[in-house]
Amino acid sequence: MVPLSWYVALSSLLFLIGLVGVLIRRNIVIVLLCIEIMLNAVNINFVAFSKYQHVIDAQIFVFFVITVAAAEVAIGLGIIIALFRLKETINIDEFNILKL
Amino acid sequence: MSFSAVNILGTMPEIYLTFFGCVLLILETIVPKEKRSWLGYFTILALVFAMIASIGLNGKGLPLYSGLYIIDPFSNFFKITIYVGAIITVLFSLPYLEQEDIHHGEYYAFILFSVVGMMVMVSAGDLITLFLGIELMSLCFYVLVGLKRESHRAVEASFKYFLLGAFSAAIFLFGISFLYGASGTETISGLAAFISNPGSLKPIVIAGMILTLVGFTFKVSAVPFHMWTPDVYEGAPTVVTGFMAAASKIAAFAVFLRVFWVAFSGNRHEWDILIVLISILSMAVGNVVALLQTNIKRMLAYSSIGHAGYALMALLLPNRESLFALLFYVFAYMFMTLGAFGIVLMMRKKGVEGEEISDFVGLHKRHPLAAFMMLIFMFSLAGIPPFGGFLAKFYIFYAVVHAGYVWLAVVGIIFAAIGAYYYLKVVMAMYMREPEESVEVHMTPMGKIGLALTAGTTLILGIYPAPFVEYIKSSLALFVP
Numbered sequence: 002m003v004p005l006s007w008y009v010a011l012s013s014l015l016f017l018i019g020l021v022g023v024l025i026r027r028n029i030v031i032v033l034l035c036i037e038i039m040l041n042a043v044n045i046n047f048v049a050f051s052k053y054q055h056v057i058d059a060q061i062f063v064f065f066v067i068t069v070a071a072a073e074v075a076i077g078l079g080i081i082i083a084l085f086r087l088k089e090t091i092n093i094d095e096f097n098i099l100k101l
Numbered sequence: 077m078s079f080s081a082v083n084i085l086g087t088m089p090e091i092y093l094t095f096f097g098c099v100l101l102i103l104e105t106i107v108p109k110e111k112r113s114w115l116g117y118f119t120i121l122a123l124v125f126a127m128i129a130s131i132g133l134n135g136k137g138l139p140l141y142s143g144l145y146i147i148d149p150f151s152n153f154f155k156i157t158i159y160v161g162a163i164i165t166v167l168f169s170l171p172y173l174e175q176e177d178i179h180h181g182e183y184y185a186f187i188l189f190s191v192v193g194m195m196v197m198v199s200a201g202d203l204i205t206l207f208l209g210i211e212l213m214s215l216c217f218y219v220l221v222g223l224k225r226e227s228h229r230a231v232e233a234s235f236k237y238f239l240l241g242a243f244s245a246a247i248f249l250f251g252i253s254f255l256y257g258a259s260g261t262e263t264i265s266g267l268a269a270f271i272s273n274p275g276s277l278k279p280i281v282i283a284g285m286i287l288t289l290v291g292f293t294f295k296v297s298a299v300p301f302h303m304w305t306p307d308v309y310e311g312a313p314t315v316v317t318g319f320m321a322a323a324s325k326i327a328a329f330a331v332f333l334r335v336f337w338v339a340f341s342g343n344r345h346e347w348d349i350l351i352v353l354i355s356i357l358s359m360a361v362g363n364v365v366a367l368l369q370t371n372i373k374r375m376l377a378y379s380s381i382g383h384a385g386y387a388l389m390a391l392l393l394p395n396r397e398s399l400f401a402l403l404f405y406v407f408a409y410m411f412m413t414l415g416a417f418g419i420v421l422m423m424r425k426k427g428v429e430g431e432e433i434s435d436f437v438g439l440h441k442r443h444p445l446a447a448f449m450m451l452i453f454m455f456s457l458a459g460i461p462p463f464g465g466f467l468a469k470f471y472i473f474y475a476v477v478h479a480g481y482v483w484l485a486v487v488g489i490i491f492a493a494i495g496a497y498y499y500l501k502v503v504m505a506m507y508m509r510e511p512e513e514s515v516e517v518h519m520t521p522m523g524k525i526g527l528a529l530t531a532g533t534t535l536i537l538g539i540y541p542a543p544f545v546e547y548i549k550s551s552l553a554l555f556v557p
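First to last, the sequence lines map onto chains A and B.
So the first sequence is numbered by the numbering used here: it starts at 2 and just counts up by one.
So the second sequence is numbered by the numbering used here: it starts at 77 and just counts up by one.
Everything labelled a hint here was simulated from the structure, so no lab data went into it.
Zero decoy hints are in this set.
Short, incomplete list of chain A residues facing chain B, as computed with Cβ under 8 angstroms: (1) Met39; (2) Asn46; (3) Asp58; (4) Val69; (5) Ala72; (6) Ile76; (7) Ala83.
Only pairs whose alpha carbons sit at most 30 angstroms apart, straight line, appear in this in silico BS3-like list of lysine-lysine: (8) A:Lys88 with B:Lys425; (9) A:Lys52 with B:Lys278; (10) B:Lys109 with B:Lys524; (11) B:Lys224 with A:Lys88; (12) B:Lys426 with A:Lys88; (13) B:Lys441 with B:Lys501.
Just so you know, even glycine gets a beta-carbon here, dropped at the ideal spot from N, CA and C.
Work out the full structure: start from the sequences and follow the hints.
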């Protein structure tokens, strides 16, 4: 059997890839995908822990996370389309009307 | 898990509101455009109905759905506060949406669904329920912020809020997965039992606690995860800003409190230094940066960051005093913030919103009533007696001193003194200078009722707080650790 630490290492690596992607990529669709990678890293974690703890409830949690991620993408893409109609670009650096 | 009648009855308010939200979505297609305000009255009716149901359930202290959901006086206090906030928001939005030409029927449905999200948050007995509540609330707010689809600012604010919100949700979930991995449970009571074991402090638990702290800090908009607040508050329609600043923040504080005081209270020495740090940084950044703002919505956004800092100080010691102080603080904060945004959204300048501080110059001459209301809210936010904000700050500092953090109270009072400057700047502009531009205040009967409710409660909280104090004390009877 694959030891638990391998799963945690995999999920942490995926989470970091997503995190760095959100911070450095400038294309908003890629940024959205990076957030999805982060959420899926969490799912791997839940399933692995649930298997090793012999408790099933985290696997149910995974379904909720997948559902919420789908809803989030639906709304996110809607916002991105509204934004693209106004600005005709998907580069994050162009969205700077509100000063940071 | 059993679906007995007790469970269904206990969650009746949530079921009502979800049902009414769906009914609103259908009614929106039937009701003609001129009659849209009826949807608003219907929303208020639904909220009042849910409030009656919640009051009927008060004092039960029931764990429902095998502990996934908790109905106790603590959660009922927050629910009733949130209903009142939502009702006031709808009162303000009736004329405002008409003027801004964004009177879509789904607005009211989203308000109701986000209220359901907040109710699930404050009643959550399990991290799954908690996460679903947070997401339900946030998803509604992403849409509400971008309600003005043809405005660059609104859509950009909505996008920034969405991106950072989803990002923080992922971090929060990663934290939950670590906590689950260490303890094998996701219920708050199970986590509390696990963490109170002396041997439980493995790095994985610490990592989980810090990551969940990041998620909560984002939701209450405390430094260092506050960057979204000014942008979103400025870009969103002002009614939505008011609702976000008041109700969503209160719900976030409720879950923050429940998770950190019930689940993590076993090893508070591991995290109380982080809370001290976040609280000082929030007060510093919020109050100092607010001095430089010219847009009143941005100023109020930084002020809300500062207020999160004050409220967080009460999380340090788990006793009745600081719990009471925090509840009183969020209660007073909701009324004064909603009221301040209520005045801002009534200011009109040549058909658009007057949201610069310079638009308030000489308001006293043109509209004494609005100026006086704004004075009440500004004094209350600054913590000047005899308004509710003063007593709220007083209780917080009293609890902090009692907990042995005298130096922290001193730091807080210094920042409160700095903060008073920018609130008084608005009052000075209204009362001491002559009017220049033609800014009008558009007051409608509905808006007047909303203002009367907020200003009246702010005043009564300062002059005769006894009934509210009694109510808050009774609502934390079952909670104290």
